[in-house]
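Visitor: Each protein sequence line maps, in turn, to chains A and B.
Per UniProt numbering, residue 1 is the first one in the first sequence, and the count goes up by one each step.
Per UniProt numbering, residue 1 is the first one in the second sequence, and the count goes up by one each step.
You may find that some hints are simply not true.
The list cannot tell twin chains apart, which means a pair is met if one copy fits it or any two copies do.
[What the hints assert, rightly or not] EDC-like cross-link-like pairs, simulated, lysine to aspartate or glutamate; straight-line CA separation at most 16 Å:
| no. | residue 1 | residue 2 |
| --- | --- | --- |
| 1 | 197 | 144 |
| 2 | 189 | 144 |
| 3 | 189 | 277 |
| 4 | 189 | 265 |
| 5 | 319 | 142 |
Hints were generated in silico from the structure; no laboratory data involved.
2 protein chains.
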Amino acid sequence: MTKTRVGIFGYGNLGRGVELACRQNDDLELVALFTRRDPATVKPLTEGVPVFAAADMEAHQADVDVLVLCGGSANDLPEQTPACASMFNVVDSFDTHANIPAHFADVDAAAKVGGKVAVISAGWDPGMFSIARLYASSVLPEGEDYTFWGRGVSQGHSDAIRRIEGVADARQYTVPVASALEAVRNGEKPQLTTRQKHTRECFVVAEEGADLAAIEKAIVEMPNYFADYDTTVTFISQEELNRDHAGIPHGGSVFRSGVTGQNGEHTHVVEYSLKLDSNPEFTGSVLAACARAAHRLSREGAVGCKTMFDIAPAYLSAKSDEQLRAEML
Amino acid sequence: MTKTRVGIFGYGNLGRGVELACRQNDDLELVALFTRRDPATVKPLTEGVPVFAAADMEAHQADVDVLVLCGGSANDLPEQTPACASMFNVVDSFDTHANIPAHFADVDAAAKVGGKVAVISAGWDPGMFSIARLYASSVLPEGEDYTFWGRGVSQGHSDAIRRIEGVADARQYTVPVASALEAVRNGEKPQLTTRQKHTRECFVVAEEGADLAAIEKAIVEMPNYFADYDTTVTFISQEELNRDHAGIPHGGSVFRSGVTGQNGEHTHVVEYSLKLDSNPEFTGSVLAACARAAHRLSREGAVGCKTMFDIAPAYLSAKSDEQLRAEML
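Using the sequences provided together with the hints, build the complete structure.
Guide: Here is the structure:
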């Protein structure tokens, strides 16, 4: 078994998810955490893993086979991934869909300078959902795609609520509309508006004496975030929020509804669904599998930026090709 | 756009499925049908496609980029795929799971003699279902796999019924047990017996004067095929069979229910489901996408036997890598 020595850059929820995934895979060994904080303040869940300052990263090039970047897509990864990709094989979860081509170009150039492999935009969307879309549309070129998200916590929408005056804390769930899901699942190929696909459930802790009606109005009328959706607002106490809404579940479904036949007379529905108790731990698990793949690609001489589209499924597995054919095909 | 010139060997339901799939893809051009029957008796759905005797195949090597083999796994493919793989890039749907390693070895040796690419065991199971199992188990190494088939027509079980004395015709549906599906979908990780996973519905046309009770008993007690299942037998007329059971629908669901966290405290359920109006047309569509991939692999210099595990998802698509990243990731 080839061991992959994994480094993690950024130790928040996602970094911990990658750390926990490494523990579940005998061929992945977490060898270093890198942080922009004072390393002395970072306590890994795993005993014995050294924590280094991000500024000293270059000194550890020889000790790390793949560096997994666990920063955010808005401010961290556009800088960090290209900067690291000339020093290390890297994996990131860059998820700003519109900016993926530009990010790919930046990372590709850096990885080629260093002779490294970089896998970007891994996770579940982009990631597993993208792969589901690609396979299904390749097999069924005449058809419609649908993506539903949830039931799950949207960090961005929760943050938007917290910025409203009088709000102490909030948690927002994105919820797919059950009847829309069913119509798609039945091959009806409905035309769905934004409002017909998802609802938004908001659990809000108000500050003492706050104007609840004003908060509710500010939420449901907020452009882009809530105005186009049927949104419900429920005021609860901080204790209730902590007790009932501490998790970070998410998930969703990707569908392709396509036709074949002499006149499109046969309908086929492909569904890929995820129900995740922990969004960062599942995403971390995808990144860990991609770290294994990046290492294998690098050992084979590959160089440059890749996405999960470019990686044969077998490369994500710890099992040999022979085992996979015998056990899984 | 690179065109792939496709040949089809074997013109039954699956061969017609590949033919129809080629019509839906501008980059796939059906250039030849090969048959063991008298070519004059074979009438393709597509005008202008020449039909050749299988025995003359070698003369058409230069005209075909990829040959798709559409014979059966029991008797045809174990001979045909190795025989053809030294002459052509090939794709088959070999689906006798236990014999895949031996088939792989035979085809690999032949493909290497000819410097060709062979993709075996493509379709949906093995095929799309196998890929779903592989991705999910790579991401969630601690978990359980479940595969449910149906609701769909089992040709093998229908044939077994037709061999019973007094049976004129029959159609058998494999049906997943809804409560078992729901338990798996909810992450309950049930232990399920054969009987708890699927039921079997048989629609039988009896010959005039046949002993219906004896037929029913012969079906429900048939070892391997029916004895381990809750089986229902419904006698209908040939007209009813022809009217209500002419289609060849199939499908099913692959699940992985896995855990992450410090103590496996978070459950994740991955589901991949297919609802297919026409089993052979969907399978043919997968084979067509694999023909595209085989051609690209061959152009890149790849040689030998592959399965869908070894093929990067992007290779199945007619779109460029740039398009895929911009539109699908």
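Visitor: Taking the hints in turn, state whether each one holds.
Guide: Taking the hints in turn, this is what the structure says about them:
Proximity of residue 197 and residue 144 under a CA criterion of 16 Å is satisfied intra-copy only: 15 Å inside one chain copy versus 31 Å between copies. With identical chains, the CA atoms of residue 189 and residue 144 are at most 16 Å apart within one copy only, with a shortest distance of 7 Å there and 32 Å across copies. Taking the shortest Cα distances, residue 189 and residue 277 sit within 16 Å of each other only across copies (15 Å), while inside one copy they are farther apart (29 Å). Taking the shortest alpha-carbon separations for residue 189 and residue 265, only the intra-copy value of 14 Å comes in at or below 16 Å, while the best inter-copy value is 37 Å.
Taking identical chains as interchangeable, the C-alpha atoms of residue 319 and residue 142 lie at most 16 Å apart only when they sit on different chains, with a minimum of 14 Å there against 35 Å within one chain.
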